[in-house]
Each structure stands twice: as structure tokens, then as C-alpha cells.
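Undergrad: Here are the chains, one letter per residue:
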Amino acid sequence: DAGVTQSPTHLIKTRGQQVTLRCSPKSGHDTVSWYQQALGQGPQFIFQYYEEEERQRGNFPDRFSGHQFPNYSSELNVNALLLGDSALYLCASSSVGQTQETQYFGPGTRLLVL
Amino acid sequence: AQKVTQAQTEISVVEKEDVTLDCVYETRDTTYYLFWYKQPPSGELVFLIRRNSFDEQNEISGRYSWNFQKSTSSFNFTITASQVVDSAVYFCALSENWGGGADGLTFGKGTHLIIQP
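For the record, the sequence lines run as chains A and B. When you line the first sequence up against the working numbering, it's residues 1 to 114, in that order. When you line the second sequence up against the working numbering, it's residues 1 to 117, in that order.
I should point out that these hints are in silico values taken from the structure, not numbers from a laboratory. For each residue, glycine too, the CB sits at the ideal point set by N, CA and C. It is possible that part of the hints are untrue.
Unchecked claim - Quick list of in silico lysine-lysine cross-link-like pairs, DSS-like style, CA-CA up to 30 Å:
no.	chain 1	residue 1	chain 2	residue 2
1	A	K13	B	K70
2	B	K38	B	K3
3	B	K16	A	K13
4	B	K16	A	K26
To be verified - Here are the simulated distance ranges between beta carbons:
no.	chain 1	residue 1	chain 2	residue 2	range
5	A	L83	B	D55	25 to 35 Å
6	B	T72	A	K13	36 to 46 Å
7	B	V14	A	K13	35 to 45 Å
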């Protein structure tokens with residue numbers, strides 16, 4: 001049973017550029033959440049996608065956007081990159097409808113903005 | 001607004017000692033979920049346990065045990081007879097329920113646990 005997968009594993013960009021990160025959920029899951037984890041901090045919730053729509057959003061600017069595809073996979077896009085966007089980006093999947101759902105995380109994408 | 005506080009930034013113990021990681025949470029919802037995750041140096045968050053707000057029964061899984069007390073809004077995690085492999089950053093997290101599933105997680109800042117041989 002494949003777990004949550006993310007690509008790429010590492011990425012280096014320069015300020016002002018745009019980046020797209022990808023996530024495939026665990027088999028049987030239909031909901032994808034994205035988190036940003038700065039060095040030495042806990043993960044911060046960016047947004048959650050369900051039924052191809054953004055269902056909930058954390059306190060992140062509009063530069064952060066996403067998409068969910070019919071196969072439940074998801075992308076996170078960040079425009080106009082800032083140095084402060086350097087972080088580990090984590091994707092988690094879960095399943096709506098189960099009364100006791102748990103979010104399972106992928107290995108993350110380490111983004112460095114120079 | 002919801003909040004999770006892990007007051008212990010770093011804990012260092014010698015192998016085989018017992019250690020407790022504290023977690024205090026705040027939420028206005030009556031239905032919510034509490035979690036503990038482990039993050040080894042590789043970075044991937046590993047799920048350890050989930051607790052529902054309506055289930056205050058404590059749980060034991062091998063050397064791990066969890067104490068959930070709604071009266072004090074705490075969800076503490078104890079490792080008995082610690083081992084070097086337990087060294088990692090541990091996160092407590094909270095999620096509220098929107099009726100169809102769980103919201104995005106609110107994490108504490110984490111506790112870095114160091115087990116010395």
C-alpha cells in the first residue's frame with residue numbers, strides 16, 4: 001500500500017520565481033492538506049483540498065495557491081518567491097467520511113530560495 | 001482560535017529512563033481530535049496516535065502511553081524505558097471537525113527529545 005508521495009524532494013529557486021510542488025495521496029484518501037515547516041518550527045497549515053476545491057485555508061497570502069485533480073493528487077504553487085518561503089513543505093492525505101480520520105504525511109519537499 | 005502549547009523545547013535523558021512530553025491545547029469546539037506525531041531527522045512526520053474529544057480513555061501501546069485529560073486540556077505522552085531510537089522531535093497537534101471530516105492541523109512547536117546511550 002503506497003503511502004503519500006511528494007516531488008521533488010529538493011528544490012532551489014531564486015527570489016521572484018515561481019514553484020510547483022506535487023503530492024499523491026495515500027490510496028483510498030480523497031483529501032489533501034499542505035503545510036509549511038520553517039526550520040525549528042512546527043508545521044503551519046496552508047490549505048486543504050477536497051472534491052477539487054479549496055475547503056479551508058490557513059493564514060497564508062494569495063501567492064500560495066493550489067489545485068486538486070480528479071485522481072485526488074494535488075499541486076501547491078507559490079508565486080513571487082521570497083527568501084522567507086524557504087522551508088520544508090509537507091503534504092498530508094486523509095479521507096472525508098470516516099469518523100476518525102487521521103492525516104498521513106509524505107516525506108516533504110525542501111525548498112531553498114536564494 | 002485553536003492553540004497547542006508544548007512548553008518543553010528540548011529534553012535530554014539517559015537511555016532506559018522514562019520521559020513525559022507535555023501538551024496543552026485550546027479550542028472552542030466540543031468535537032475535536034488530538035494527535036501526536038514523531039519527526040526523525042529525515043523530516044517525515046510519523047503518526048503515533050489520535051484521540052477524539054469524547055474519548056478520554058488513556059491508551060498504552062508498548063512503551064508508549066498517552067494521558068488525555070479534558071479538565072486540564074492536556075494530552076501528555078510518556079515513553080517508558082526510553083531507547084536511542086526514540087530520539088526525534090515530537091509534535092502535538094489539534095484538529096477541529098467540520099462535520100464531514102477533520103480540519104487542518106494546528107501544531108505545537110515541538111519537543112526535541114534526545115536519548116543518550
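Undergrad: State for each hint whether it applies.
TA: Here is what the structure says about each hint:
1. A:K13 to B:K70: 45 Å, violated
2. B:K38 to B:K3: 19 Å, holds
3. B:K16 to A:K13: 44 Å, violated
4. B:K16 to A:K26: 35 Å, violated
5. A:L83 to B:D55: 25 to 35 Å: 44 Å, violated
6. B:T72 to A:K13: 36 to 46 Å: 45 Å, holds
7. B:V14 to A:K13: 35 to 45 Å: 43 Å, holds
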